[in-house]
Each structure stands twice: as C-alpha cells, then as structure tokens.
Amino acid sequence: MIGNIVVKIAFASAFLSVLCYFQSYRKRSGTYLPYARGSFHIAVLGVMIAAALLLFYILTHQFQYTYVWNYSSTDLPVPLLISTFYAGQEGSFMLWTLYTCILGIFLMQYSMRKGYETEVMAVYSVILSFLLLMLVVKNPFAYIWDTFPNELIRSGPLQADMVNFVWLDQARGMWAQFPTEGKGLNPLLQNYWMVIHPQVLFTGFTTMSVPFTFAMAGLLRRDYHDWVKVAKPWTVFAAAVLGTGIMLGGFWAYETLGWGGFWGWDPVENSSLIPWLISVASIHTMMSQRRSGTFVRTNFVLAILSYVLVLYSTFLTRSGVLGETSVHSFVDPGMWAYWLLLAFITIFTTAGFGLLVMRLREMPKIPVEHSILSREFALFLGASTIVFVAMFVLIGTSSPIITEILEGKKSAVDQSFYVKTTLPPGILIALLSGIGQLLWWRNSKKGKFFLSLLYPFVGALVFTGGLIVFGMRDIPIAIFTFASAFSLFVNVLVGYRIFKGNPRFAGGSIAHIGLALMFLGFVSSVRYDDKATVSLEKGKTVEVLSGYKLTYVGYHPLERERYAFNVEVEKDGRRFSVAPIMYYSDFSQGLVRNPDIINLFTKDFYISPLSLEEPQKNGTRSVTLRKGESIQVSDVSVRFVDFDFSDVQKGKMLEGGSFVIGAILEIEKNGKKERIVPKMKNTRGEIEYVMAQSSLNKNEFSIVKMMPDREDPSNSKLEFSVRDPQSTSAAKGEETLIVEASIKPFINLVWVGTLTVVLGFIVTVYRRRQEARGEGE
Amino acid sequence: MKIKIIIASLIILIGIVFGAVSFMESSVEYTGFSAAKSTHRKVHVKGEWVREKGGEFDATKSQFVFYMRDDDDEEMKVVLEGAKPNNFEVATSIVVKGSYQNGYFHASELLTKCPSKYEGDAESVKKML
Chain A
1 MIGNIVVKIA
11 FASAFLSVLC
21 YFQSYRKRSG
31 TYLPYARGSF
41 HIAVLGVMIA
51 AALLLFYILT
61 HQFQYTYVWN
71 YSSTDLPVPL
81 LISTFYAGQE
91 GSFMLWTLYT
101 CILGIFLMQY
111 SMRKGYETEV
121 MAVYSVILSF
131 LLLMLVVKNP
141 FAYIWDTFPN
151 ELIRSGPLQA
161 DMVNFVWLDQ
171 ARGMWAQFPT
181 EGKGLNPLLQ
191 NYWMVIHPQV
201 LFTGFTTMSV
211 PFTFAMAGLL
221 RRDYHDWVKV
231 AKPWTVFAAA
241 VLGTGIMLGG
251 FWAYETLGWG
261 GFWGWDPVEN
271 SSLIPWLISV
281 ASIHTMMSQR
291 RSGTFVRTNF
301 VLAILSYVLV
311 LYSTFLTRSG
321 VLGETSVHSF
331 VDPGMWAYWL
341 LLAFITIFTT
351 AGFGLLVMRL
361 REMPKIPVEH
371 SILSREFALF
381 LGASTIVFVA
391 MFVLIGTSSP
401 IITEILEGKK
411 SAVDQSFYVK
421 TTLPPGILIA
431 LLSGIGQLLW
441 WRNSKKGKFF
451 LSLLYPFVGA
461 LVFTGGLIVF
471 GMRDIPIAIF
481 TFASAFSLFV
491 NVLVGYRIFK
501 GNPRFAGGSI
511 AHIGLALMFL
521 GFVSSVRYDD
531 KATVSLEKGK
541 TVEVLSGYKL
551 TYVGYHPLER
561 ERYAFNVEVE
571 KDGRRFSVAP
581 IMYYSDFSQG
591 LVRNPDIINL
601 FTKDFYISPL
611 SLEEPQKNGT
621 RSVTLRKGES
631 IQVSDVSVRF
641 VDFDFSDVQK
651 GKMLEGGSFV
661 IGAILEIEKN
671 GKKERIVPKM
681 KNTRGEIEYV
691 MAQSSLNKNE
701 FSIVKMMPDR
711 EDPSNSKLEF
721 SVRDPQSTSA
731 AKGEETLIVE
741 ASIKPFINLV
751 WVGTLTVVLG
761 FIVTVYRRRQ
771 EARGEGE
Chain B
1001 MKIKIIIASL
1011 IILIGIVFGA
1021 VSFMESSVEY
1031 TGFSAAKSTH
1041 RKVHVKGEWV
1051 REKGGEFDAT
1061 KSQFVFYMRD
1071 DDDEEMKVVL
1081 EGAKPNNFEV
1091 ATSIVVKGSY
1101 QNGYFHASEL
1111 LTKCPSKYEG
1121 DAESVKKML
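Taken in order, these protein sequences are the chains called A and B.
Going by the numbering used here, the residue at position 277 of the first sequence is 277; the numbering climbs one at a time, nothing skipped.
Going by the numbering used here, the residue at position 80 of the second sequence is 1080; the numbering climbs one at a time, nothing skipped.
Here chain A stands alone, though its shape is the one from the complex:
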C-alpha cells in the first residue's frame, strides 16, 4: 500500500513540475523555477523509494504482492532474484521510470549549465509524468487477494497453525490467505544475460528521450541551430548504449536461447532496432548541420521520430496488438494501459510534429551550396538510406496492424521480407560509409577524389574476386561483400591517417570499420552457414558437415533436474567436448533447450539439442484410452473394451503370488473386427509385459500402465503402446540424441564488429562532449 501511495505522490509532483516549468517558460521568469526543481526532485525521490520498496519485497519474498508472486520464487539466487524486478510489465515500467529519474538529475544539471533548463526539463517532466501515470495504472504493488479475490478471500474461523494470512476486516471475520511460494522466473530468462541486458536496453530507451527534449526545447525557444551542439553527445551516447543493448540481446539469443542465430527479426528485437537506426541517421545529419548548417528540419524530424518510435515500439510489444503473430507471448496489459500507451504516442507525435510545422515557416532557409561530390550529400543519402531501413523494419513489424486495417485480419510478413528489403540499402550504406569519408565538405576535387577511391576499390575487387573463385555465387551477396570490403579498406586508410593526427577524431572511422566488419560477418555466418540434423546413437560416431566426427557419450544431471548431454567432437585430430542442455520446465510446460558452442578462431561449431529418443519408443506410439473409448492408430481403429481380471484370484494377489491381467482391445479394419489381449504377468513382484499382435495390420500392442478405477469402473483407463514392426525408424538399440549441428564461419567478425562500432561511438561521445563543453561555456 505504501508503494502505491508513494507512486501517486511522485506522479502528482512530477505533474506539478510540468506546470511550474511551463509557467516559467511562458512568463520567461525564474520565479517558478525553484518550485519546478523541487517538485521534480520530490518525484525522483518518490520513484527511488518505490523502486527500493519493490526490490525489498522481492528480496524478502513478500508473496502477498501479485507482482512478486508472479515473477519470483524462493529458490532463485540473489542476482536473478534482483532481475525479477523487471521480469514483468509493471516492473519494467518501474525500471524505465527509475532510469528516467536518475538521468533527469544529470540532465537538469547539464541543461542548467547550457541555459536550456526551462524548456528541456518542461518536456522531460512530461515524459516522467506519463511514465508515472503508467505505474499508477499498472501498479506493481497490487495485493494478490485483490487480483484473485475468489481464490484467496475467505471469512470464518482461521486454521490453527496458519501464518500466511492477513485480516481484511477483523470485525466481520474477513481474511485473506497468500501464497508461500512464487511462480518463479521463466527458465529462459534464468541466466546472467537477464541481469545485464534489460538494464542496458532501458538505459538506452531512457537516453533516447534526451535528443527529443532538446529538439522540443529548440523549437520552443526558436533556437534552430545551437540545440544540435548540446544534444549531439547525448544522441551518440544513446545510440551507443542502445546499440550495446541490442548486441547483448543478439548474443543472448545466440549463446543461450538456441535460436541458432543472433538475429531473428522478431518484433521484440526489431522494436529496439528501429529507434536505434533513426538515432544513427540523426547523428549523421546533426554532424552535417554543425559543419555547414544544412538539415535544420531533418534534425528536428529525426530527433522527434527517434523517441516517438521508442514509444511506438513499446506499444507494439506491450499492448498485445501483435496477437498470435509472434513467437514471443505478449501479455495483455489491460485496457487502461493500452489506451494510455496509445495516448502517450499520439500526444508526443502531435506535440512534436505540430510544433515543428508551426515553426517551419520562420526557420532560416539555408541556400544549398554543396555539390554532388560533397560530404553533405553523401551524409544525406546515407542518412535517408538508414531511415529507409528503419521504415522497412517498422512496416514489417507493424504488418499485423497494417493488414488488420486494410484486410480485416492480422497477418505477419515472412522473415524473408526483412532480408530482401535490407540488403539493397545495406549495399548503399556500405558504399556511402566509404565514399563519404573520402569526400570534403561543400565540394571535392574530382581528380583527387577518384584517385583516392583507387586503392580501396581495387582492394575490394581483389577480395571479392577471390571469394567468387572460392565459391561465392550469389550476385547480390557478392555486391554486398564488395561494398563492405570497400568501406573497410577506405575507413582503415582514412582512420589511420586521422589517428596519427588526432586520435580523438577517429571515432567515425572506427565505427565504420566496425560496421564493415559486421557486414562481412553477416555474410559469412548467416549466408554461408552450414547446417545438418543428426541422430547420434549413444557410442556410435557419426561424421557431419565434412569432417566433424560426433559421438554422443551419455547425459549427466545438473542442478535443478536439468540434464547436460555430452557429445565428443573430433575434427582433424583435435578433440572437443560439448554439453548442450535440455530439461522439462514446469513453468513453460515444455522442453527447454540450451545450445553449446565451440568457438574457434575462424568459425563457431554450434550444437543445438532437439530431443532424446529412448530406445523402446522408436517406431512405437503410446496411447491412453478410457474404457469404451476408441482411437485411430495408423490404419486400424482400436477400442479399449475392459480389463481381464479372470486370472486374478484375490488370494494369490495378496500372497504376492503370480497372476496375469489382460487388457481386451478390439481392433477394426475395413469392417473386420478382432479382439486381442496384451497381458501383464506378475511373478512374485517381477513384472513382465506380453504383447499381442493384431492379425489385421501386424502391429504389436503392449500394456504400458493400467489405471483401474474401483469406485467407477467405467472411468478405468489403460495406457498401451503400439509398435509397427515394419517401421523404418531405427527400432532397437541405444538411446539416440537428436541434434542440429551447424557451422557459422567467421561469426567472430560480427562480435568484433559490433564492439568496434561501440568503441567508435564512445570515442565520438568523448569528443562531442568536449566540443559541447568548449564552446558552450
């Protein structure tokens, strides 16, 4: 209850802060500023208390709170227990709000120093208020008996030894019982990635709001140029953090979730990629505006768009609109949260673009002076291509909504849509990221420019030519490879020159080198991966994927009823062992599979377990029938008539003597009927099952389990198995592990590339911060 009240107070004071900041903007006076700052800080304090409370409830297992019960349990280790804070919607909104608050403290200081406080913080408090309103609606502090009143609220006398209850109304004898154990955390989330990845992602989402607030501030105060300088380090920082978050997500999917790759074009992944792309485009156009005053409007559009898209992505993945079209299951957040999110997007979009349109006419028109061979034009083309990629991904991800509006029913685009639409822009981006580095601002000398293209061009040509000789036959992929190699060579050359001069200016080249490496990694590891599904009979060596000898040697239990399946791998005399994991999870009521990877310098050998086939089950199926029921098994119909207890004499059974129980099955095929009786023989406690063969289709029927019901004989059940002796599947023998083995050539390029991109971003943040500081004070 306290938590709830604290959240409401925080919301009220955040709202007060909005009013005060806007008042001081309108009156252009500092009278209201102390109140605005004060109430903002109260809101921050409130959120911190609320977050601390939630964490405390989680750590002390207070299952009287629905949220705590829903996502945590007593058996979780502490880091994972902490991570359940943001395992559900309510908690992840809480985390987002908390980060917005923490960032808000720094932003207030920063904007004060730059003289932007009133406008920036006015908009920022609106964002905070909305997030807090969301928390009021999606309250993480709801009591469990309010969520499940029918199950938990009782009246009347208490049980003597009960401790897990609270009085709701002692006078009327009303009380509620609460659980002593929680439902626990989804096993797929139970690893260290869960501890880092969401944190980084939400930091990224939070920082994305800063360029937006600066753009809005710029519009509010009719400052069309200087805001860019102040906002730029934040934009680069946001892109760096969100990019890191996306990369960690990809690595998580690859390493633990067993998706087979690092990217699945899933709505959840796409929804963080879209705003990231826009922010990257925005970095490029901001740079151009700083240099030559171009792209004034574009920069406003992109800064507004990047945050609106963060909100839209949140809406897509949290409102349940995507329905059944994704592998992720989206929990319906309830009507209130749905409309609130929608209102959030609408208001920010109309406010942002509305204000932009209002100011459009008075914005200075910069006469375009740059030629076609200018860095400005290359940046423009590059940025628009990136925006195109973002739009394609956005359209694809929103396809269930689009098709529902157009055709009345939801359908999702196939994954191939993304591959197809991003490849041509990818080629363009790679080329431009090379060419742009060789061009000068305003205009370049033709001769010099073409001369500088020569070495990288020839280098890329030789590189790609080599690969074509080696077997690369796919033309678009070859062009993409050429473009990426070209960009790599250009940026290495240019980067080296810059680095010799002033390392701090090398951020751009470093990021582009990373990008080119990443692109090459995409080609090698995704387009030229090699896959095979293998059945590994225990102890028998099977050779797959030219030269990998796999031997399944058995499984061993890990903690918490998980099993590791040991596979020996031998390649050219080198030996490795891998142990992918499979286990049955009560939580998701299904098999959970974790892959294992051998990381070699030039490739990954990736083993993902599919299933373990026990020997007796091969070629057989097992069926459970109630008395009188029938079922179709291959080409015959089988009815369970009754148990046959005729051989059982009570005396014998009690003495532990031998007896036989049969199960009468009626087999029917094309109108012909017959009865067969598989039996269970009990010889002094030793049980033996005797199969019965049908003369109609030669299948063998055996008893697996008998479930007679003495009180209601018609409810007796029988589990039996049917085996087709002619079945082609490997019948007898050892247990067999089915795995998918794949080779991902040069996947290390993807990881090294992304790290290099992030490094480039960091160098740039550092430099832009110096720039913003040096000229701003």
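Keep in mind that the hints were calculated from the coordinates and are not lab data.
Warning: the hint list may mix true and false statements.
[Said to hold, decoys possible] Taking lysine-lysine pairs in the BS3-like style, the calculated list, with each CA pair at most 27 Å apart, reads:
#1 B/K1037 x A/K410
#2 A/K420 x B/K1077
#3 B/K1042 x A/K669
[Unchecked claim] Derived, one-sided and incomplete: chain B residues facing chain A with beta-carbon distance under 8 Å:
#4 G1019
#5 S1027
#6 G1054
#7 E1056
#8 D1073
#9 G1103
#10 K1126
In this text, a Cβ means the ideal position worked out from N, Cα and C, and glycines have one as well.
Start from chain A and add chain B according to the hints.
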C-alpha cells in the same frame, strides 16, 4: 544542384516502390487448409492439434509429424521441420506457417497459443498457499 535532387527523389521513389512490392510479396495470409490446397503460396493456418492421432518425431528426417484440425474443421497431416515445439501439449490452439504439398501441409514454423494466463494463475495460486 538539379542532379542532386533527381538522384535523391529517385532513391526515395525506388525505396517506396521496393518496400511496397516486397511487403505484398511477403505478407503471409491466415487461411484454412482448403484455401491452402488451392494455392502454393506460404500461408498461416490456425487450428488445433488432433490429440487422438498423436504426434511423432521422425529422427531420420528431423521432422515432427502430427494431425491438425483447422478452424473450419478440416483435418490435415502436418509435417513440421524440426522437433516438437515447447508447450505443444498444453497449447489451446496452434498456428502453422508453410505451404501445402502433395497430401500434407509442410510447415516451417509453428506458434503455440497457451491458455489464458489469468485462468492458469488462478489455479496455480491455490496450489502455492
């Protein structure tokens, strides 16, 4: 100056057309098995697993074979590339993505829809008292 504008608008135009065409091509419709039979395009079919007929994993081909009844009550054999999906047994409905081939539906993907969370939760909260 003029060339720049032409290049820029050309790129934008190509982008839009390219995006729209790819979208139309890649959109995978939701239909029933009867409609899937008449087209060879990739479609989504929603329905239920025919529990009585079981399901079998063919280890040699790495395919999971089962029978499915779509929302129009039409039944068809489905061959899924890969192992039996998680949650398959508890799913209230399933969606397969793929195309019809001689006599069966060849699915490349399968999504499971699980019982409403609230109902499940009301049951499980009682067990944890």
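Checked hints:
1. At most 27 Å may separate the alpha-carbon atoms for a hinted pair to count; B/K1037 and A/K410 meet this at roughly 20 Å.
2. At most 27 Å may separate the alpha-carbon atoms for a hinted pair to count; A/K420 and B/K1077 exceed this at roughly 31 Å.
3. For the hint pairing B/K1042 with A/K669, the CA-to-CA distance comes to about 36 Å; that exceeds 27 Å, so the pair is violated.
4. For B/G1019, the shortest C-beta to C-beta distance to chain A is roughly 5 Å, which falls under 8 Å, so the interface hint holds.
5. Residue-level restraint check for B/S1027 holds (minimum Cβ-Cβ distance to chain A is 5 Å; threshold 8 Å).
6. Taking 8 Å as the C-beta cut-off, the interface hint given for B/G1054 holds, the closest approach to chain A being about 5 Å.
7. The interface hint given for B/E1056 holds, since its Cβ lies 6 Å from the closest Cβ of chain A, which is under the 8 Å cut-off.
8. For B/D1073, the interface hint is violated, since its Cβ never comes within 8 Å of a Cβ in chain A; the closest pair sits about 16 Å apart.
9. Given hint, B/G1103 at the interface with chain A, is violated; its Cβ is 15 Å from that chain's nearest Cβ, farther than 8 Å.
10. Evaluation of the B/K1126 hint against chain A yields a held restraint, the C-beta minimum of about 5 Å falling below 8 Å.
Comparing the model with each numbered hint stated earlier shows that hints 2, 3, 8, 9 do not hold.
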